[in-house]
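Undergrad: Chains as they are written, first to last, in my numbering: chain A, 105 to 469; chain B, -11 to 501.
What the hints contain is simulated information worked out from the structure, not anything from laboratory work. One should not assume that every hint holds.
Stretch-level coverage of chain B by chain A, calculated; a stretch enters the list once three of its residues show a Cβ under 8 Å from a Cβ in chain A [said to hold, decoys possible]:
id: 1; segment: 107 to 113
id: 2; segment: 166 to 177
From the derived model, a few chain A residues whose C-beta atoms are all more than 12 Å from chain B [what the hints assert, rightly or not]:
id: 3; residue: Tyr136
id: 4; residue: Asn141
id: 5; residue: Ala144
id: 6; residue: Val177
id: 7; residue: Arg201
id: 8; residue: Ala268
id: 9; residue: Ile269
id: 10; residue: Arg272
id: 11; residue: Ser275
id: 12; residue: Thr302
id: 13; residue: Arg331
id: 14; residue: Tyr425
id: 15; residue: Pro443
id: 16; residue: Asp447
id: 17; residue: Ala453
id: 18; residue: Gly455
Since the structure is predicted, the reported quantities are computational estimates derived from the model, not experimental observations. Each residue gets a CB set at the ideal place from its N, CA and C atoms; glycine is no exception.
Given next are the chains, with one letter for each unit.
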Amino acid sequence: MSYPTTPISLDDIESLSVGAWILGTGGGGSPYLGLLNMRALYAEGRTVSLMDPFDLADDADVAVVSNMGAPLVGQERLTDSRTVARAVEIMARYQGRPFHAVMSLEIGGGNAIQPLMAAAHLGIPVVDADCMGRAFPEAQMTSFAIGDLQPWPLSMADCRGQEAIVARVTSWKWMERLSRKACVELGSVASTCKAPRTGAEVKRWGIHHTTTKAIRLGQAVREAQRRHADPIAAILEAEGGLRIFAGKVSDVARRTTEGFLRGTATIEGLDGERGSRMEIAFQNEWAVAWRDGVPAVTTPDLICVLNAVTGEAIGTETLRYGQRVAVIALPAPPVLMTPKGLDHVGPRAFGYDIEFRSVFAPVSE
Amino acid sequence: MRRIGIDVGGTNTDAVLIAGNRVVRSVKTATTADVNGGILAALTALSRFPEVTAQPVDAVMIGTTHFINAVIQGRSLNRVGALRIGLPAGASLPPFCDWPPALARLVLGEVAMVEGGHDYDGRPFMPLDRRAIAAAAGRFAERGLKAVAISSVFSPIDPSCETEAAAIVREAIPDAAITCSHELGRIGLLERENAALMNAALAELARDTIAAFERAIADSGLRAPLYITQNDGTVMLAAHAMRQPVLSFASGATNSMRGAAFLSGIADAMVVDVGGTTTDIGQLRHGFPREANGVVEIGGVRTLFRMPDLLSIGLGGGSHVEDGGATVGPLSVGHRLTTEALVFGGDRLTTSDVAVAAGLLKLGDPARVASLDPDLVARALARAHAMVEENVDRMKTDAAPLPLIAVGGGAFLIPETVAGVSRVVRVPHGDCANAVGAAIAQVSGEIDQVFQGLPRADAVAAATTLAQERAVAAGADAGTLQTIEVEDIPLAYLPGNALRVRVRVVGDIAAAG
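Just chain B, with the same shape it has in the complex (with noise of 0.2 Å):
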């Protein structure tokens, strides 16, 4: 398998080949204000290389912050027609109930609320009023509404209103981009509606985007099929990103960690990826980041994406350094390192100035930190390694010491020894770990569901089928998957044992047919 990956970062574009274990080259470039640029120049550098072009290449793989992005900054968003089934449930808090109403007056074009959905137990909630549904969509034809986002009530546990409204609003929008909530998230129907919401109003920028980046791959002369990275390290076809946006949100952080796994080897590790002006710190475990459980603000919308559960915090190689080296961050220089930390001639003291001085790092003119007091120097490395060390230990779950994994450019400042790590592992192409990752990535499946009167090992392996099937159905090759996660919680109140499954299983992207 020969695969390209490319991270569409803020400040760089990075693409890797990797062929079977192997990266084979790397390139970093300056990323470009249409996105598009960037990618074909990272792609044109790459192919400089004749063991790049000398064989087909099978696939490429994309991270990008684009989409989130656009929400946190409220551009290119398009208006989208809600539609809520669950009447008389949920009456007084209508969709975009919760959403700062800036955003929302750019996202709300029209709401509906319509009987129908399910009880926790698949028994139906109310019958579902088709000619409601009928006459929402003829609202949203008529406001000429091109986006609509369906939510229903324990659709998780049985999505068949949402599926059945759906081929209504079509009939009404031929062209509709429909987002429905159960294919986006859990249980908790204010957060899976604000995520159809969000996803529906990322559809045009999303079908533009990924256009765009398919034209890029055409043009750089490329024939291999397009994925897209999704937050929890795998990936899905570029033509089904295009239709759930959302689910790349976070595709940069995580792949900068499963790059770290698949560079170093190791499955189970802490990871600090240091980039100039913040340090992520996360956990892999079987080579995958430990997901965040509860409640994810994106652009103050509550949502439950499936995200890394990354601590950020303000240290990197364009840190300030002040108070004589007591303080470190949160300030940093940025991306004009090259024009005001000291080595290159500015004067602002920062992190890499002090591992110049320290002869950890070489970069600019070293001469110009030679005269710093090396108890300066020693505070703001101690200050530096404690922020790492403290926050290892609060990302940690595990008693037992870890292996932690180095990675970004700032990664200098990661000490050799850290307290309740096993040892400190640092691994060439590691400044490009996230591209790394993108290209690695795999095609997952996950089930989130209530079984009820199962003893918890049958529930386990009901749950366990289906997510499998779903992972198939992603275009996983069956003969690859493997379990990743399994979580039981049983339910207060509910009776006959009622137990919430949540199951993720993964595998290599089935060979094209």
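Okay, chain A solo, but in the shape it has when bound (with noise of 0.2 Å):
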């Protein structure tokens, strides 16, 4: 099979990890080494295109990668581009053929460039699609999950030559929970590749259109840095988002509970919020954010913390006292938003008992 793509420049790379740490919504990991590694990898003559969901055959193989673990860990491991390459090759060989294209689990974070690195390598087109549209810590809090396809088989790759393969699995919770054990043997990063996808599967379930997305995202913050204008008003008026909150970090509480980062940040009002305050909830991602104690926006909706002057995202973990921020909504992709989604990834799926009620105008299909 081959189909029409567009190439992906190297400037579009450049928009796309700074489009995609602001889709992260506090987590994913700061795209950066990915960025690096696509310098390089661009340096040396390979390129990358893109292709449109909808181009895919119905019998179409998609991998569906993504590069699992503590990001502090890939501070120090760095990542190399060959790594996510090698997870898909271990799952073309498992499941006895080669695969048509590669997609992002999640657009948020540095995981929007791990297709990037293996399609470099692999010489197949990337998918203008993930299955999150955001960030998310969990295997079972994407699309694919939330239309019950098939959880396995996962392949796994660390860079010293291990490999393993999670064959099968009664549920995604199941997934997270085997896949997460041999993750942390491996030294808590590992490159997957998800249970690979049919092209009927990616356009019935798949998130689409969201590489292009965080691309003209990126674009959009770039431009008005270049120009000195409000990065912030850039990014709303590029996604439809709504300014929630304006003021400085006045309490961070972090706690890690099995295995992730949880807690709440504090802001203090500033100009026209002054005295209200905003509380903001997070598993690595923000999931809830109170206004003087009632709830004012709640996943999925995306919850942006921005520097307050550059418009750049500030993550769960360098979040820190003193800082001036803006806080922000995306809208979610509708998919997130159905009654079968919330159980996923609406506010009780992270243990709030709120009801979900999205910042936006509801979204009519």
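Dock chain to chain to rebuild the complex, using the hints, since each chain is given by itself in its own frame.
TA: Take a look at the structure:
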């Protein structure tokens, strides 16, 4: 099969890394190391192209990739573009046929770049889609899991040559448990190729055009920075977002439970918000924001905490006391807001007994 | 304790003598092209006062921007052999991979990557490939490289791979200047490695500069040990600084904040240092500047240096005043103030002219600004005040009002009342705050490590002990150690309640034995 594709320029990838970090909603890990890998690959003359998910044949084989583990370990081991390509090759070998294309598990954070690295080595196109439309911490928090698609098999590779297959599980949560254990044993970082998808599945259950969306978002921010215009206004305009709060971080309480970074950030209002207070709870990513005790924004709406001046996204691991921030909300993909979607990624999936009410007008399909 | 503090700035070289808690004398001289001439001149000026020469001096502390300027300007750098331990990890991102090409061309001598390194919990990542290290050292020697930077995966957790590699390199190149990344940085291999590469690139300049500093001290007739001030407001012995010049990159700004704390006797405050062109705003916590947390770019290279968290704005005593007083700065006449400002007969309206007209400052010829429109004067001062107020608020991390210490030659631009500030404090010798800060610097020890399976209190206690050991090794008096910073961050996805703990302790310099 050969598909119509569009080449991605290195400048697009620079924009992608800016946009993906914003869509990471506080988690997902910085795309910086992935970006460095892509600069090196492009300098070698390799290139990557993008294809529309709706151009996939129904029986096309699509690899879904992500880097799994602790961002901190990634900062030491660094990201090697070949490891994710190997995870795809292991899966191709296991299922006995090569893939036609590769796509991202999550467009938020460093995983936005993973399929590009695999594609550069494997010579297959990247599908303009993912299955989160943002970043989420766990394996069952995807549109494919919401669609009850088959959760297995999964392949895993580390840079030393270790390889693992999770051959069969009975649920997405079991996939999360088994793959997390293996990942920890490898040093808490591993490249993974998730359960392969058919073209039909990607067309039905994928979250479409998120790569180009992240590129556009990054372009808007970079352009605003170049013109010394307000980058936050540019983000809101590009994504139809809403300004939620502006203030100064007055407290960050973090704790690790069950292998995740959880906690609450408190922001004291400034300017028009003076006298108000916003609290945002997180599990790796920002999950629920309360304004003066009342829920203001909840997952799956995207909550982004940005540097008030540069518009740069701030992660839950790097947010600190005293930073001046803007809190904005971006619309979530519709599939996440269906009743089944909310079972997987709504406030209750994160342990908050709150009804989801989007800050955006209901989306009519 | 009698100490001389010297600040070698871009325009002036300042020197002060401090006895106990008292500033005895301060002098300002012009910085010279050879740097050392300025130091000698400052010391000579200082020794004209009999109270300076009456008793011996215990220590001389120098703060300098010499090394950071060398990197920014890409001059006086030597080539470096880069040895990274950690293959097969990171192979696609070799040393220098994110350096600006122009700077990499000046510094890159040879790059080698070998197997070894550790995991986050201290398990070996791969067996150390000693044969490959010896081969790399041989190539460095063939190329005539005398400076080597060694980095290893998770070396802040376990430095043994780096230290063993250093010994192997030393055998091949006995006179090599070797920088190990764990001595300079925290977790984040690329940024820590960049610090090591930059440090190695400064090896020759550091050796020559510090030797010249020592000559200047000796020529002045002083017999006292020489210390160099670091970014974090503490000092290291000159012999140590010679090996780690990158740690003194930002010492000028730090010294002025520490000096402000000393001169005012206030340990927790905002400090605003108004120079000729820029104003630096920072926050003192326990008498030390609050550090920047994230990535710091120097000369386009990402690093994680311990740097004060400073906000620099384009406001100073030489700032242009335009639009009828509505615009102040960021342009400045800089060191041409004494020829271009109105009060000196020039034709450029500056903040200094406005301050003279308002009676806030005595400078030049006040008659030349007597006819300035009072509304313009009021608007320009209001604008300068608003800039200070707005940016002090940006840097403030506590809701409670804090005192503000005003230092620097342009401190007259700071209003008497500032929102969120309890009071504005002005101090004698405030114009030499940076040299005072150098004179009072202490010795520090720091640890940044991941602990697993320990209750939080035990992990912090273990980290504190390690930090204290490092401070004593660096020359601190064990009896004076104080913990000034504790930070713990639980690590996402790592099992066993992994906690990253950073502790910093400081102490007075131990008396020479």
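Undergrad: Could you run down the list of hints and mark each one as holding or not?
TA: Okay, the hints, checked on the actual structure:
1. 107 to 113: n = 4 at 8 Å, threshold three: holds.
2. 166 to 177: holds (count 3)
3. Tyr136: It is violated; A/Tyr136 is separated from chain B by about 8 Å at its closest Cβ, not greater than 12 Å.
4. Asn141: Label violated. Min Cβ-Cβ 5 Å, cutoff 12 Å.
5. Ala144: Label violated. Min Cβ-Cβ 6 Å, cutoff 12 Å.
6. Val177: Given a closest Cβ separation of 6 Å, the condition is violated.
7. Arg201: holds, 27 Å
8. Ala268: Holds: least Cβ distance 17 Å, greater than 12 Å.
9. Ile269: holds, 21 Å
10. Arg272: holds, 24 Å
11. Ser275: holds, 21 Å
12. Thr302: Its Cβ never comes within 12 Å of chain B, the nearest being 30 Å, so this holds.
13. Arg331: holds, 18 Å
14. Tyr425: Given that some Cβ of chain B is not farther than 12 Å from that of A/Tyr425, nearest at about 5 Å, it is violated.
15. Pro443: The assertion about A/Pro443 holds, with a minimum of 29 Å to chain B.
16. Asp447: holds, 24 Å
17. Ala453: Holds, because the least Cβ-Cβ distance between A/Ala453 and chain B comes to about 18 Å, which exceeds 12 Å.
18. Gly455: holds, 16 Å
The structure does not agree with the numbered hints 3, 4, 5, 6, 14 stated previously, though it agrees with the rest.
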